[in-house]
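A.B. asks: Given next are the chains, with one letter for each unit.
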Amino acid sequence: MGNSAIWHDLKDPNDPELDLLAERFHLHPLHIEDCRHGNQRAKVEDGADYIFVVLKPIHVTGDGEVRVTDLDLFLGQDYLITVQEGECPTVRSYLDQIHAAVTQPRPDQLFYKILDAVVDAYSPPLDWFNETIDSIEEAVLDKPSPVTLQRIFETKRGLIELRRVLSTMRDVASHLQRKETGLIQGDLGPFLRDVYDHLARDMDMVEMQRDLLTGAMDIYLSSVANRTNQVMKVLTVLGTIALPSIVISGIYGMNTKGTPWMNSPHGSEIALGLMVAATVVLLIMLKKFDWL
Amino acid sequence: MGNSAIWHDLKDPNDPELDLLAERFHLHPLHIEDCRHGNQRAKVEDGADYIFVVLKPIHVTGDGEVRVTDLDLFLGQDYLITVQEGECPTVRSYLDQIHAAVTQPRPDQLFYKILDAVVDAYSPPLDWFNETIDSIEEAVLDKPSPVTLQRIFETKRGLIELRRVLSTMRDVASHLQRKETGLIQGDLGPFLRDVYDHLARDMDMVEMQRDLLTGAMDIYLSSVANRTNQVMKVLTVLGTIALPSIVISGIYGMNTKGTPWMNSPHGSEIALGLMVAATVVLLIMLKKFDWL
Amino acid sequence: MGNSAIWHDLKDPNDPELDLLAERFHLHPLHIEDCRHGNQRAKVEDGADYIFVVLKPIHVTGDGEVRVTDLDLFLGQDYLITVQEGECPTVRSYLDQIHAAVTQPRPDQLFYKILDAVVDAYSPPLDWFNETIDSIEEAVLDKPSPVTLQRIFETKRGLIELRRVLSTMRDVASHLQRKETGLIQGDLGPFLRDVYDHLARDMDMVEMQRDLLTGAMDIYLSSVANRTNQVMKVLTVLGTIALPSIVISGIYGMNTKGTPWMNSPHGSEIALGLMVAATVVLLIMLKKFDWL
Amino acid sequence: MGNSAIWHDLKDPNDPELDLLAERFHLHPLHIEDCRHGNQRAKVEDGADYIFVVLKPIHVTGDGEVRVTDLDLFLGQDYLITVQEGECPTVRSYLDQIHAAVTQPRPDQLFYKILDAVVDAYSPPLDWFNETIDSIEEAVLDKPSPVTLQRIFETKRGLIELRRVLSTMRDVASHLQRKETGLIQGDLGPFLRDVYDHLARDMDMVEMQRDLLTGAMDIYLSSVANRTNQVMKVLTVLGTIALPSIVISGIYGMNTKGTPWMNSPHGSEIALGLMVAATVVLLIMLKKFDWL
Amino acid sequence: MGNSAIWHDLKDPNDPELDLLAERFHLHPLHIEDCRHGNQRAKVEDGADYIFVVLKPIHVTGDGEVRVTDLDLFLGQDYLITVQEGECPTVRSYLDQIHAAVTQPRPDQLFYKILDAVVDAYSPPLDWFNETIDSIEEAVLDKPSPVTLQRIFETKRGLIELRRVLSTMRDVASHLQRKETGLIQGDLGPFLRDVYDHLARDMDMVEMQRDLLTGAMDIYLSSVANRTNQVMKVLTVLGTIALPSIVISGIYGMNTKGTPWMNSPHGSEIALGLMVAATVVLLIMLKKFDWL
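Those protein sequence lines, which keep their order, are chains Y, C, U, E and X.
Residue 181 in numbering that gives the first Met the number 0 sits at position 182 of the first sequence, with consecutive numbering throughout.
Residue 100 in numbering that gives the first Met the number 0 sits at position 101 of the second sequence, with consecutive numbering throughout.
Residue 46 in numbering that gives the first Met the number 0 sits at position 47 of the third sequence, with consecutive numbering throughout.
Residue 90 in numbering that gives the first Met the number 0 sits at position 91 of the fourth sequence, with consecutive numbering throughout.
Residue 90 in numbering that gives the first Met the number 0 sits at position 91 of the fifth sequence, with consecutive numbering throughout.
Source of the hints: derived by calculation from the structure; they are not laboratory data.
You may find that some hints are simply not true.
Treat identical chains as interchangeable: a pair holds within one or across any two.
Listed next, the in silico DMTMM-like pairs over lysine to aspartate or glutamate satisfying Cα-Cα at most 20 angstroms (straight line) [said to hold, decoys possible]:
{"no.": "1", "residue 1": "K178", "residue 2": "E44"}
{"no.": "2", "residue 1": "K142", "residue 2": "E153"}
{"no.": "3", "residue 1": "K42", "residue 2": "D107"}
{"no.": "4", "residue 1": "K232", "residue 2": "D289"}
{"no.": "5", "residue 1": "K112", "residue 2": "D196"}
{"no.": "6", "residue 1": "K178", "residue 2": "D45"}
{"no.": "7", "residue 1": "K112", "residue 2": "E32"}
{"no.": "8", "residue 1": "K42", "residue 2": "E160"}
{"no.": "9", "residue 1": "K42", "residue 2": "D170"}
{"no.": "10", "residue 1": "K142", "residue 2": "D289"}
{"no.": "11", "residue 1": "K287", "residue 2": "D141"}
{"no.": "12", "residue 1": "K10", "residue 2": "D95"}
{"no.": "13", "residue 1": "K42", "residue 2": "E179"}
{"no.": "14", "residue 1": "K42", "residue 2": "D196"}
{"no.": "15", "residue 1": "K286", "residue 2": "D141"}
When you get a sec, could you build the whole thing from the sequences and use the hints?
C.D. replies: As structure tokens, this is what we get:
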């Protein structure tokens, strides 16, 4: 009387067993097609005497890519069929744990456990995004560079993807909660609401992360503008210091006659004095009129 | 008993046959006018004893322009009239395939096949946009240029257009699904929902593409600002290296008397040494105070 | 039995005839006030035994300004009163055409004709905006200038105005369509829906134009940033070419002793060679390290 | 039988008369507290046998600050209590006018008069914002400066404040219109709808002003970017003209031997010729390759 | 008959007393889990014969960080359990005050007092944000710097967090107000609406603060752009003054023959005159053609 009697756990949508099950439980051809085509939205649909649910497990790969797969479930009166599309190590390990741990024969409880596991598996990606955004925020203020730009870009892509998944999953949870069907017993109500709450909290978090990332982008632009401004100031101060000296030394380098103090034995000292004086006057003016 | 008995497939809205059909099936003059004026929104309208549907087939031309045409359908109890406005090779070839393949006499099934074909034909344009945006993303990070700007602009135009079409088409699918009419039999319900799902997924995709494109635009601006900053730095470093040397060589080029080391046999070496020293000190200061 | 028997067409809200009509048909004082104060939102209101409708005709003047006026209508069982506020040549000419052409005695049909005319008159302004935006798009990519900025600004103003009018007009059309009143007969239903469709399409168009204009603004900013970047590069290359030569010629212009090759008969050639070499090395470095 | 018999017009919420009235008419302690704490949202609340309404009069001070105060009203079957919080000269003068002019004994008509007066008093601030935005628009195109920036900022603050007030006031008007209570007689219906229309039009106006101000901000940024670009061009052209001359004069200033034409009697003319030629060639190149 | 008979005030969710209470009052295990896991959304949930409410007290720490904790409440017919998670000194002191002051035995009144206290405690953080934004606004106009950028960033984070809390708290208040349950008596209705109003006003305030902060960000960018423009102008004017002098002195420094006035006894004066003249002409041109 283990799970195996009621839980048909297919690891591959092309498993011919799916066709046998489809025949046995009168599964709608469109639902079987959905299992095999993959890349569905999360959704709940009524079948003849079962409900068909598509969940979207998520995991983040080592190099920070968000991978979304499909997990299809058929929940009947006395059976549960799960069809895993794509490889998601996180959800596989969760499913294996449920296999090992759960022994009750109620399909709707099994269904809830799996739904809960899929939703719990969203937390590590969300944490990963939190850390990434924190490190981006630091980078844009400290050292804005094209590399940061690229990271903002990729993180944004990931969040857009994640948001899309969460939003449809939340619709699924809301739908399941309100659904009047004999297939899910009443005592699961608070648990389904709990799953919904969890997803709503995750959505809030993703919205907040998107806001922060947009902010980081703005900060990046402002930060670069600020640094350009800084560089310009350095250049202008350099020019301010050098230009009067160049002009004055140029004048005393002319081969014309009659330049004042040209023949004075202190000519060079006078010229150098003029240079220093002109530079100082210019710097004071810049300061005083707040030109920089 | 082929399709031709029930399917009136007009390739030109100005075909006088349309007037004959209008008289025979009591089609409303406003609907006929809609067929002939073109450029309608996708919509579903009730006629006397038929429904009038405007679909919006799409194809992308070789040079990346999104072309939207109209396909008008009149679905009655025992007939289906399709009126193709404008040239859309994709939808034409789909219609021809349906002509060849389908032989059942139910007009509502024919209607569904055509609707499904029009919606399936949205996938190639979406893929084309995906690729375009990927290549734009690369370009803005690598080599932002006015050409990229122009591409962003044109892609945005296309997406705005596409979104408009998808949004009205989704309304049509939703409308058809909820419509209570004897003209569409109940067994088509799941199939119409499938079409709706497809369109909702497409809308999600377009929204995501718009988000990404907006992001690409921001990246463009940031990337250009970054490059200007870079160029400014190069100019400032150049100035930093050259200006002290110019000032010092100017001083030693003066024709005044009393410049120190002027008459020393190592005068030039001393002057060059001063130049190098001044430049090095300046570079160290820039580095130390993090001015660049 | 012409129009004149049922259609009271006032060209001026201050016409004392309006007071006579108000008394005769028991028009509400607030509605008369609305006619005389002008600048209302488009709206539908119920009177004692009539409906009061404010429409917003639009025309674009020669120098591209969007002018909005008011056209007030009182539709009763056996009369139609129109009060034109402000001068709108377009709507006047439409009204005159209707006067000439229409001879049926039904006030609700007259009402529909006028509504349809006002809505048709929105198309020329929309086309004008389309052309304007096209020419702005070209200008921002080719030659961004303050003049373009001013045009973007004014076009945006016009679109904001237009959008406001269309949105309230669409509400009016939707209201009229759903209104259950004996004053508008059922056979006008499809025609009113047609007007609504037309306005919805116009709104779509204006939304799209706003999106495009916002895009054009972003492109403007990016385009200017790009050009500044370009100018900076030119300046930096100029500096790169000139600075080494200035430094080297400065050194050979010093009046010190011991400058190498100073006394060589090929001194100048050597110096020029050094200049060319330094410039070339610098240009190669800029190229190699991708500094520009 | 004047107004004074039914209208209790308190100019100060701390007037002990309010406590007497509260006891006499059984006013809820929370409502009295609302009167005395001030800074409420505009709202309508039901009391035991009265309705409690908070209105938000507005006036603009001489130096362009938007001041919002509270006006609290208790409308009972045979009494109207108004409590004015804060000083608003505009609303005070309106109330005084109503005191002088109105003599009817119906509290609901008095209530409407006051509501209408408060809403009418929104027009001068809106006109003031219109003028301010017009003058900002001119300033950003002509002479963008930090002063303009500050004005944009303050105007934005004012509009955000104004919008908040209008939006809650509109809710109040909508609420009053739909309210089924014996306290407001049916003949005031069209007048309340008129107030609602007025507020809706004001909201439209504020939304439009916000859009325009956001546009002005964008224009500001673009305009500054444009001017920086212009300044850069001037600097680059200056450099283009001066640098070749400096290089060439530097070369002819070298103390080396073998510079061509050095000893020619037309040496200086040749050198000057070279300078002019180099500058002209450079300017032509800038022009030809569209580098500026 | 004090509060202690009906109010079970747990300061730590891990207090084993909670388990005893859970058993005694049949609290749902999911609710106990919510208490112990913390970091919930504010929410209202129905238990068997009680309602479970999560509130979110807020306080700002000395260094301007917004801290959000959880306060869980179980409201039964004749008991109230509060479970405080995390340390929030503000809410603790409020709770202690209620302990001291309140002596009535009605749990729903106690519940309202606590809810009201939590909501009142939002005002100091809001005031703190108001002051922070005021000081940021001044800083961006006066002295935009990376430090300001960082402050904008952190304030934005805080506001996003605060908004999230307020929005869920408002849902709770709205939920409680509409809830039909025997646990909250009717006379608390106006008081709950008052709490709702308070939260709505707070939300308005946070929205306004977000708008202002976004505006401050834009001003920052514009202000930096403006300053860069200013710096560029200074540099260009410097160049304008120096370059003609450098060119002319360079020419008179050439060792060639035939330079005009070279041998004139007033040569230097002539050369200096030329320098001044060239500079003046250039400055006049810049002014006249509005190049800067």
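A.B. asks: Reference check for the pair K10 and D95, CA-CA at most 20 angstroms: within, between, both, or neither?
C.D. replies: within (11 angstroms within a copy, 39 angstroms between copies)
A.B. asks: As a check of your reading, is K42 near E179 (CA-CA no more than 20 angstroms) within one copy, between copies, both or neither?
C.D. replies: within (16 angstroms within a copy, 24 angstroms between copies)
A.B. asks: Using 20 angstroms as the alpha-carbon threshold, which applies to K178 and D45: within, between, both, or neither?
C.D. replies: both (10 angstroms within a copy, 18 angstroms between copies)
A.B. asks: I want to check one pair: K286 and D141. Are their C-alpha atoms no more than 20 angstroms apart within a copy, between two copies, both, or neither?
C.D. replies: between (27 angstroms within a copy, 15 angstroms between copies)
A.B. asks: For K142 vs E153, is the C-alpha pair at or below 20 angstroms within one copy, between two copies, both, or neither?
C.D. replies: both (18 angstroms within a copy, 18 angstroms between copies)
A.B. asks: Using 20 angstroms as the alpha-carbon threshold, which applies to K112 and E32: within, between, both, or neither?
C.D. replies: Answer is between; shortest inter-copy Cα gap is 17 angstroms, intra-copy 25 angstroms.
A.B. asks: Between the shortest in-copy and the shortest cross-copy C-alpha distance, which are at most 20 angstroms for K42 and D196: within, between, both, or neither?
C.D. replies: So K42 and D196 pass the 20 angstroms test inside a copy (18 angstroms) and across (9 angstroms) alike.
A.B. asks: Within a copy, between copies, both or neither: where do K112 and D196 come within 20 angstroms Cα-Cα?
C.D. replies: This pair counts as within: shortest intra-copy Cα distance 16 angstroms, inter-copy 27 angstroms.
A.B. asks: What label fits K42 with D170 when the C-alpha limit is 20 angstroms: within, between, both, or neither?
C.D. replies: both (8 angstroms within a copy, 19 angstroms between copies)
A.B. asks: Indicate which option fits the pair K142, D289 if close means a Cα-Cα distance not exceeding 20 angstroms: within, between, both or neither.
C.D. replies: between (27 angstroms within a copy, 11 angstroms between copies)
A.B. asks: Within a copy, between copies, both or neither: which one fits K42 and D107 at a CA-CA cutoff of 20 angstroms?
C.D. replies: This pair counts as within: shortest intra-copy Cα distance 17 angstroms, inter-copy 26 angstroms.
A.B. asks: From the Cα coordinates, with 20 angstroms as the cut-off, is the pair K232 and D289 best called within, between, both, or neither?
C.D. replies: For K232 and D289, both the intra-copy (12 angstroms) and inter-copy (13 angstroms) Cα distances are at most 20 angstroms.
Violated hints are absent here; each numbered hint is respected by the structure.
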